[in-house]
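Q: Residues per chain are reported as follows:
There are 2 protein chains.
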Amino acid sequence: MAVVESRPYPEHCSLGEAAEILLEAFAARELRIREMSPKDAVGLVFAEDITSRRNVPHYTASAVDGYAVCSKSTAVATAATPVALESGNYSWVNTGMPLTGFDAVVMVEDTSIDIDASGGSGRLIVSRGVTQGENVRAVGEDVMHGQMLACVGDAVTPALVSLLLCAGVKTVSVFERPRTLFIPTGNEIVAHNAWFSGGKIEAGFVVDSNSAYAKSLFERWGYSLDVGPILPDDPEIISEAVARGVLGYDLVIVSAGSAKGSRDHSEKIFSKLGKMLFRYVRMKPGRPAMAADINGTPVLCSPGFPMSCAVTLWSLAYPLLKMMSGERSEPAERYIKEAISSSETIKASLMSNHSSPAGMTEWLRVKCAEVEGRTLCWQMSAGASVLWALAESDGIAVLPESSLELPRGMEVTIHITRRIDLSHRLLFQGSDDPAVGLLVSMVKKSGAELVIRAVGSMGGLAALSRDDAHFAAAHLLDLSDGTYNTSYIKQFANGRNWHRKLIFHREQGIIAAPGNPKKIIGFEDLTSGDVMFENRQPGAGTRVLLDYMLAEHGLNSSDVPGYDRISITHLEAANKVASGVADAALGIKAAADALGLDFISVAQEPYELVFSERFDEHPTASALFEALDSDEWKSEVMRMGGYLMPVSG
Amino acid sequence: MAVVESRPYPEHCSLGEAAEILLEAFAARELRIREMSPKDAVGLVFAEDITSRRNVPHYTASAVDGYAVCSKSTAVATAATPVALESGNYSWVNTGMPLTGFDAVVMVEDTSIDIDASGGSGRLIVSRGVTQGENVRAVGEDVMHGQMLACVGDAVTPALVSLLLCAGVKTVSVFERPRTLFIPTGNEIVAHNAWFSGGKIEAGFVVDSNSAYAKSLFERWGYSLDVGPILPDDPEIISEAVARGVLGYDLVIVSAGSAKGSRDHSEKIFSKLGKMLFRYVRMKPGRPAMAADINGTPVLCSPGFPMSCAVTLWSLAYPLLKMMSGERSEPAERYIKEAISSSETIKASLMSNHSSPAGMTEWLRVKCAEVEGRTLCWQMSAGASVLWALAESDGIAVLPESSLELPRGMEVTIHITRRIDLSHRLLFQGSDDPAVGLLVSMVKKSGAELVIRAVGSMGGLAALSRDDAHFAAAHLLDLSDGTYNTSYIKQFANGRNWHRKLIFHREQGIIAAPGNPKKIIGFEDLTSGDVMFENRQPGAGTRVLLDYMLAEHGLNSSDVPGYDRISITHLEAANKVASGVADAALGIKAAADALGLDFISVAQEPYELVFSERFDEHPTASALFEALDSDEWKSEVMRMGGYLMPVSG
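Listed in order, the protein sequences are those of chains A and B. Positions in the first sequence are counted from 1; adding 18 to them yields my numbering. Positions in the second sequence are counted from 1; adding 18 to them yields my numbering.
Since the hints were derived computationally from the structure, they do not count as laboratory data. Warning: the hint list may mix true and false statements.
Same chains, same label: a pair holds when it works inside one copy or across any pair of copies.
The calculated lysine to any residue pairs, modelled on SDA-like cross-linking and capped at a C-alpha distance of 25 angstroms, are [as the list claims (entries may be wrong)]:
1) Lys462 - Cys169
2) Lys218 - Leu424
3) Lys537 - Ile618
4) Lys57 - Ser242
5) Lys286 - Trp110
6) Lys286 - Ile364
7) Lys365 - Asp439
8) Lys365 - Ala350
9) Lys537 - Ala621
10) Lys57 - Arg238
11) Lys57 - Glu356
12) Lys536 - Ser575
13) Lys57 - Gly401
14) Lys519 - Ile219
15) Lys293 - Ala453
16) Lys463 - Ile39
17) Lys652 - Pro624
18) Lys278 - Val208
19) Lys537 - Glu423
20) Lys57 - Ala350
21) Lys365 - Arg392
22) Lys90 - Thr118
Assemble the whole structure, with the sequences as input and the hints as a guide.
A: Put into structure tokens, the structure is as follows:
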């Protein structure tokens, strides 16, 4: 896709183009140089070529533990014809000791000491001759005086620190780390301290999380970041701060104000103060990112949504920082891996179809699991506003512009960003339940890991039949006979031998706003037309239950406003009610209780785990069963309310 | 290989066994916990499960820039049948603004404002209806109050820092980083300040480089390291320091004293103070490493050679530190990659045969290049005492115990530890010459990289014929007709079209100690029996020259003491003379001058670069030729002495 030229500067450029424009614009910027001891410079970059001031070693040293000798005196020595040296004609040397008056070293294992009758100091019996210089470290064996040890652009490493020390290099000139100013903006932004001051935070206000993220990220990168005061959406004020910033910093980042809202002023400000370099990068998220050259200093505007801010820092700020640290430029791929601190790169196949926007680089936050020898991955939330997905993801898959429709099973490349051991990870897919969520940390304590993917009861059974999960859970009501799960399991297992384990019964009911303002008492009220219902996704046991109940009451789903609206979990549905977006939802009592909502009980249903007979061969399956049997878990579940534990025995 | 049980503790265990013994011994050690703000805890590990104290967002917010409306009022709106809303029935909202009195948001692109005749505030024309909750972020959409955000053992990441901030988590309990004490020992060890005090360092003394390496390494790992004063090889004193150390630290590392020299006391000290866990690890280098449990604190002894010290820290100290930081244990492979800060792992084929010691893990410091689409690697010095090889290597290949004879061309896995761009790297193999060495930093300035491997003239031509080099250099005298290179190139090129470029003539001669104590005036003297000669490797042009000269003088190589001794470079050979290990060597004047040695000139020879006709297709070939033509390089070469530049024209 070519760059759109509707402006005096490129708009909608590709990520590659944007990074290139940025690096080119400031390639000639002068870098500050400082002189310091190598040991204080680890991670910095040499601004000069470094040569050795010494020979290392600076003397002729023994390379082994043994006896220094004159090689000639041992010339004929063999095991069969050993040579005896009088004391004074040899001397013990430890590794590294200097050779004085001798020209070779006999290894201790090739000698023995023969104490003579007079009890004198003894003779050295040598059973293997040595030639001149044998087992000797020559002067300069490691490095020689004048030898080149490092060049401009090389990074200072621990190995170089010790080498330079040995080589007598006391100080080196290195490039100073660039200094960055981060300017948070937005009338709605609240500072950390205010956020924690205890006072209630009004609706419409959010904490300044981007500054905290940026600061931590820079810290992990080894760069300092100064965070300015939060500025209101006032062009004058922001303008002044940026103008001041470019004088004292090597990089200025304005947070938010990049989009087209009535309060987004960055483009105007940048154009006025300097030269816009580009606006809009064809990536998702992060599209509204922009950059300018103001008095020769790079200025970025990162979009306000947390994930958009993150990708802007990774893909635009990081390469710029590296270049301004004196490092030679790198393949873009490398920068992204470094910027997100990826420890390894793996390939995994998508668990479901994914369509990537045309002509855009897409940043996927993905989670992985290994089932039946296949490495699987799935996208977590795609929402740019969702921080959780970034914090919880295993890594980032960067889908190139070229990718469009990615079918299930297609392999994608993932840069892993957290410690994972897939062999110890259990993947649960199935009916959502907060009680199952409680298992995560208990399982973790025993060295295993439980990953939950709420896909509804049928989704879970389907996943299990595709070997896309280690175990599933279902509470599926058979509309024909009112039994639970049996018929569904039979259908999905399709001849395979699946085990089922009842872990509890739970109470389902209609969840309504506190005080039940709409006076909902039964399913009839859902069709009154005045109640907005929040439904669950097709295949969710709770949706099946709803259909069953509607049918039983002779009601028609098409008469239920909001029947087509979908929440994926009980808590999400309940939350829609709590936040007034919906008036009612069907869900479990635990969810209603958690949010202090009204609950009209309608049924009690069995909740069963389902897994293949091979499941207990999994290295950490036992960790799950132990957690399920633990009193700790059971009591926590009972505390939530709405659960009934099976009589054990 | 089974562990040898000649002692009350395992000896000669494999690296895997050693690490396992170590981790098991201290798995139960209690960790210190501290409460702090998440933003100060990046890189630390949670000591508690963290749940959200808030719903994020905590209010119903607009998810887009647009107009907040009552969904009902837009129900029928389409492009064909737009709906007009009077002012007051809609209100502009930026992304993130709260919804009050409205239940949905129309995106700005689906609207237009129709200013009425009276010039009033105007009506909103909606061309696409919205349903209740559309374009609205529900309360808790990101995370919900009470939701689990992180578990014990998770690392604190920048993403979590900002998430916890939003979630109202002010402080978290994390595990404190373990504290380590490093105790340098050895009568021969000199402290940094003394090393730089200007005074001459006596033979037999070496600077304390291991402490500097360890401190920088720990710093890069994110751990602090206290370095104690350098202790003499006195069991009492070291014993006392260790006993004190284990009281105040989580890990104590004694540097050196691990071998069998007369000054190696660590094993006795450890056994006396506590319980030895193992001694001797089947790895090369690093074999003499040992570990003990002293009052429940881990104590390591790292061998004194720099490379041995390094591998001990990587393979034993690092996993221990990670465990004592509260992290869940990892596959060993991961630890090594992390410990050496490897950014990526590649496969490359060995350029020459390598035999790895039986039953031992071997740490190879390797250099890489890419020629004709093949990624090649070769081992740099194997010497445990050689720091240069670690500093200069591209990465580490860890050869498992099982590897024995690795034939040329075999693929090995390399953990890359420096920024390399193989596509821009030129590999030179051939005759060694310091003037060529000068090209390295000049080539680097133009974004390319020149890697030099001195293998002698014939070695270079052979490498070129195997496509194991981008270019070679030779000064090979044809014994039959006294011409240089032509016949050799013809033979090795074997029909292919190779180019040759004369870059200078250089003076060869006999290098002797200052003042020429052995009174060497010609080749006859080398056969006097009283002169120890230092020869060059077979295939080196200089060795060919020697053979030619001996023949010319009717001398027999078998009459030359040291004829079979091999140095790989001119400087190395000259150095053998300078350090008295040899009396004479044949080499270039520049080498003699560099070390202030006597030089008896015997010949002037052409030094030519040789490369295939495809060479100039290489992206950075031009960088080499520019450097060769530069006055900067030419004048530096002339300054070295013994060189004659071709008359350019």
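Q: Taking the hints in turn, state whether each one holds.
A: Outcome of the hint check:
no. : hint            : result
1   : Lys462 - Cys169 : between (47 angstroms within a copy, 8 angstroms between copies)
2   : Lys218 - Leu424 : neither (45 angstroms within a copy, 69 angstroms between copies)
3   : Lys537 - Ile618 : within (11 angstroms within a copy, 111 angstroms between copies)
4   : Lys57 - Ser242  : both (19 angstroms within a copy, 14 angstroms between copies)
5   : Lys286 - Trp110 : between (80 angstroms within a copy, 21 angstroms between copies)
6   : Lys286 - Ile364 : neither (42 angstroms within a copy, 47 angstroms between copies)
7   : Lys365 - Asp439 : both (15 angstroms within a copy, 23 angstroms between copies)
8   : Lys365 - Ala350 : both (19 angstroms within a copy, 21 angstroms between copies)
9   : Lys537 - Ala621 : within (19 angstroms within a copy, 110 angstroms between copies)
10  : Lys57 - Arg238  : both (19 angstroms within a copy, 11 angstroms between copies)
11  : Lys57 - Glu356  : both (23 angstroms within a copy, 21 angstroms between copies)
12  : Lys536 - Ser575 : within (19 angstroms within a copy, 110 angstroms between copies)
13  : Lys57 - Gly401  : between (44 angstroms within a copy, 24 angstroms between copies)
14  : Lys519 - Ile219 : neither (45 angstroms within a copy, 76 angstroms between copies)
15  : Lys293 - Ala453 : neither (56 angstroms within a copy, 46 angstroms between copies)
16  : Lys463 - Ile39  : between (49 angstroms within a copy, 22 angstroms between copies)
17  : Lys652 - Pro624 : within (16 angstroms within a copy, 87 angstroms between copies)
18  : Lys278 - Val208 : within (22 angstroms within a copy, 65 angstroms between copies)
19  : Lys537 - Glu423 : neither (46 angstroms within a copy, 83 angstroms between copies)
20  : Lys57 - Ala350  : neither (30 angstroms within a copy, 29 angstroms between copies)
21  : Lys365 - Arg392 : both (10 angstroms within a copy, 23 angstroms between copies)
22  : Lys90 - Thr118  : within (15 angstroms within a copy, 100 angstroms between copies)
Hint check: violations occur at hints 2, 6, 14, 15, 19 and 20; the rest are consistent with the structure.
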